[in-house]
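Chemist: Here are the chains, one letter per residue:
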Amino acid sequence: MNTERPAFFSVPAVYLTAAVVFILLLLLGPAINDNPYAQSYESRVELYRSKLDSLNKIRSIRERIFMRQMANLSVAEYIDSKLRPTDTLLLPPQAYAKRYMETAVTWTDPRILTWLIGFRNVVAWTDTARRKHANAFIALEPSSIWITRPGGQTNIDSLIHEYEWSR
Amino acid sequence: MPSEFGLPFVLLMHLIMGGSVLGALGLRTTKTITAILSVFAGMFIHSMLFFGCDLVGVPLTATSMFRSAILGVLCTLPMWKTTRDLVRHLRTIPPRGIGLYDIPVIGFSGYIFYMIMWASFYWPVTPFDAMAGIDLVATYTVVDHTIVNQVFTHPSLQGQLSNQPFYAPFTMLMQVIMKLIGFTHNQVWVGIVAVLFSIFMWAALRQLVHPTVASVLYLLFLLTPEMFGYTYLLQTDYVNAVFIVCGVYLFWNGAERSIAPMIWSSAVFFAAAAWSRTEAPLLIVLGCGLTFMRLKNAFGSVKAMRMVATIIGVSFITFALWHVLFFNVYLPVRPSSADQLVGFSFGRFWDVIVLTCTNVVLRVDLWGIIVWLFGAVMFANVVAYRRTFSVILSTWIAAVMLGLWLAGTIFSAAIVEQTLRRGMFKVVPLLVLAIAASQLVTSASSKIAAWELRRSS
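Sequence order for the protein chains is A and B. All the letters of the first sequence, read from the start, carry residue numbers 112 to 278 under my numbering. All the letters of the second sequence, read from the start, carry residue numbers 480 to 936 under my numbering.
It should be emphasised that the hints constitute simulated quantities derived from the structure, not laboratory data. C-beta atoms are modelled at their ideal positions from N, C-alpha and C, and glycine is treated no differently. A portion of the hints provided could be inaccurate.
So these bits of chain B aren't anywhere near chain A, every CB distance computed over 10 Å [said to hold, decoys possible]: (1) Ala503; (2) Leu528; (3) Phe778; (4) Ala788; (5) Thr789; (6) Val812; (7) Cys836; (8) Phe858; (9) Phe890; (10) Ala923.
With a cut-off of at most 25 Å between alpha-carbon atoms, the simulated DMTMM-like pairs for lysine to aspartate or glutamate come out as follows [said to hold, decoys possible]: (11) B:Lys658 x A:Glu188; (12) A:Lys209 x A:Glu188; (13) A:Lys162 x A:Glu174; (14) A:Lys193 x A:Glu174; (15) A:Lys209 x A:Glu252; (16) A:Lys209 x B:Glu896; (17) A:Lys243 x A:Glu273; (18) A:Lys168 x A:Glu188; (19) A:Lys209 x B:Asp608; (20) A:Lys243 x A:Glu275; (21) A:Lys168 x B:Glu483; (22) A:Lys168 x A:Glu157; (23) A:Lys193 x A:Glu273; (24) A:Lys243 x A:Asp191; (25) B:Lys510 x B:Asp564; (26) A:Lys162 x B:Glu705; (27) A:Lys209 x A:Glu273; (28) B:Lys658 x A:Glu174.
Which chain B residues face chain A? A few, computed with CB under 10 Å, are given here [stated by the list, open to error]: (29) Gly578; (30) Leu579; (31) Val584; (32) Phe587; (33) Ile595; (34) His633; (35) His689; (36) Leu698; (37) Glu705; (38) Leu845; (39) Glu931; (40) Ser935.
Bound conformation, chain A alone (with noise of 0.2 Å):
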């Protein structure tokens, strides 16, 4: 390569500037069709631009991971005021949750719970060896969630076949 300093403005800078501009204004803008650039750059970038007022008038870390998690958090929030110091409570199988749930289902996986609210009395549906130790489980309807207990008014066998039948 050359090393020679050329002149930081002259004619040819001028071309070469504009054929800079143009190869940038293509690759983001839509002349070309189903343009990949400009799609990207259009959801990763002017995408947050156009909102980042609004966006960064939002301080609360909590709002934040709600933006990003929706119902896994309200529902990992809901298990964590409603659980009791003597509950063990069975997480139901993923395919349960997703016939009540338009977003993907993550809470149901212990390691997701845990990083949403912290280490809770919980026992993965998963867990076969400790499943039997649960005494508290998730009961899900259209736009409801209820943790059941034995002896409340949900049949838990029911339930279990619930589960075990969304598999």
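Following the hints, position chain B against chain A.
Modeler: What follows is chain B alone, placed relative to chain A:
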């Protein structure tokens, strides 16, 4: 120490630490590349020292984190003479200066960098793998002051850990360091690495070709759709790609120009790659093995053997520190990685290659035009000059692809559309560098440079 002072302080420590080690190894390159490589090397060394604190039973707290950073710098004091020589060398390099055509690229990059830093600072950790592994372990390392924390012992997670909490530790340790500085919920260091790596790519391209050509290739790299998405997401893949690419860049330059210190320096980055992702040693062995003859031609067989042995040796040491020593001596539970190993079969290997090509490599929505441009330039290069790209660089690209295919074949957990897709992060920057180093592009670049000089004088 408040986070606004803590972060610059730790980054300065990384710069000094890494710069001293690279200086001692005799690395001589441009100011920008030296500074960026120093920060990356410093991050790696600091994470190792901090990990060492846990090994010897020192609680992982903000105090031990800052002290380990200072200790890292103090350890480099005996290398003072070589560090001073490096600084002297950098001072002798005249400033490169910028051209008018650099202004739009600098302006646009500044805007993109701002958005990357904003996103990596603003958004909490989001990827499933990070929430279930890297960040979960990091969070409870800060709570319990040790990596052997509740995540590995609490009954609710017994038998439920899968392999995410056992990922190679660099990303997790950087997350711990950032949490101890005060960045508790985000991944601000990922943005810093992405911005520095982008500048590194621009500087490396400008060494090869005319700044205008370098800018165009740099913009194609910077805006690569899939890679851009990971500049603010906490995952192991992007940072591993950074280390692999820095290692290959130094190895390639060292072997082509017969500069031994560059090869020795590349060992630092290959070791960091093995410290940041489990399959890296496989790629390093393949890359070193396939390029050995070139290395032998440049340095003779004894020195080449010593170089390859050092690179592979240090990579395996960092790999073994976590995967052998820590798993077997310190952690109370083991990952289920062994269960995920399946025997090699040519049928599955072929399926992985076909799936990778059709569902990952050739997709324009993931990589833009880079892969196709690489193919087109290679074809034109062969037609026009009867030769392909730089043999060493092409071989490394082939080695990385082969390594990814092998990993996809023997690990049942490696899913082509996810694991191997992110594995392509290591290949894309190398493709960009290979395009720039091709005779076709360098010839065109020389013509542009000659035309610019002729018309401006």
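Chemist: If a hint holds in the structure, say so; if it doesn't, say that too.
Modeler: Consistency of the hints with the structure:
1. Ala503: Ala503 of chain B clear of chain A: closest Cβ-Cβ about 28 Å, beyond 10 Å.
2. Leu528: It holds; Leu528 of chain B is separated from chain A by about 27 Å at its closest Cβ, greater than 10 Å.
3. Phe778: Consistent with the label, Phe778 of chain B stays out of reach of chain A, its closest Cβ about 25 Å off (over 10 Å).
4. Ala788: At roughly 34 Å from the nearest Cβ of chain A, Ala788 of chain B sits farther out than 10 Å, so the non-interface label holds.
5. Thr789: holds (31 Å)
6. Val812: The claim holds: Val812 of chain B sits with its nearest Cβ about 13 Å from chain A, beyond 10 Å.
7. Cys836: Consistent with the label, Cys836 of chain B stays out of reach of chain A, its closest Cβ about 18 Å off (over 10 Å).
8. Phe858: Answer for Phe858 of chain B: holds, closest chain A Cβ roughly 22 Å.
9. Phe890: holds (20 Å)
10. Ala923: holds (12 Å)
11. B:Lys658 x A:Glu188: Between Lys658 of chain B and Glu188 of chain A the Cα gap is close to 23 Å, so the pair holds against 25 Å.
12. A:Lys209 x A:Glu188: holds (18 Å)
13. A:Lys162 x A:Glu174: Cα-Cα ~15 Å, so holds.
14. A:Lys193 x A:Glu174: holds (21 Å)
15. A:Lys209 x A:Glu252: holds (11 Å)
16. A:Lys209 x B:Glu896: holds (22 Å)
17. A:Lys243 x A:Glu273: Holds, at about 16 Å.
18. A:Lys168 x A:Glu188: Status holds; Cα separation ~23 Å.
19. A:Lys209 x B:Asp608: holds (19 Å)
20. A:Lys243 x A:Glu275: holds (14 Å)
21. A:Lys168 x B:Glu483: holds (20 Å)
22. A:Lys168 x A:Glu157: Given pair Lys168 of chain A, Glu157 of chain A holds - Cα atoms ~18 Å apart, limit 25 Å.
23. A:Lys193 x A:Glu273: Cα-Cα ~22 Å, so holds.
24. A:Lys243 x A:Asp191: Measuring from Cα to Cα gives roughly 21 Å; hence the hint holds.
25. B:Lys510 x B:Asp564: holds (13 Å)
26. A:Lys162 x B:Glu705: holds (22 Å)
27. A:Lys209 x A:Glu273: holds (13 Å)
28. B:Lys658 x A:Glu174: holds (19 Å)
29. Gly578: This interface hint holds because 6 Å falls under the 10 Å limit.
30. Leu579: holds (4 Å)
31. Val584: This hint holds: Val584 of chain B lies near chain A, its Cβ roughly 6 Å from the closest one there, short of 10 Å.
32. Phe587: Check passed: Cβ of Phe587 of chain B comes within 6 Å of chain A, closer than 10 Å.
33. Ile595: holds (9 Å)
34. His633: Holds - the Cβ of His633 of chain B comes within 10 Å of chain A, reaching about 5 Å at its closest.
35. His689: With Cβ-Cβ at 7 Å, under 10 Å, it holds.
36. Leu698: holds (6 Å)
37. Glu705: Holds: closest Cβ of chain A sits about 8 Å from Glu705 of chain B, inside 10 Å.
38. Leu845: At 8 Å from the nearest chain A Cβ, Leu845 of chain B passes the 10 Å test, so the hint holds.
39. Glu931: holds (4 Å)
40. Ser935: With a closest approach of 4 Å, the Ser935 of chain B hint holds.
In summary, this structure violates none of the numbered hints.
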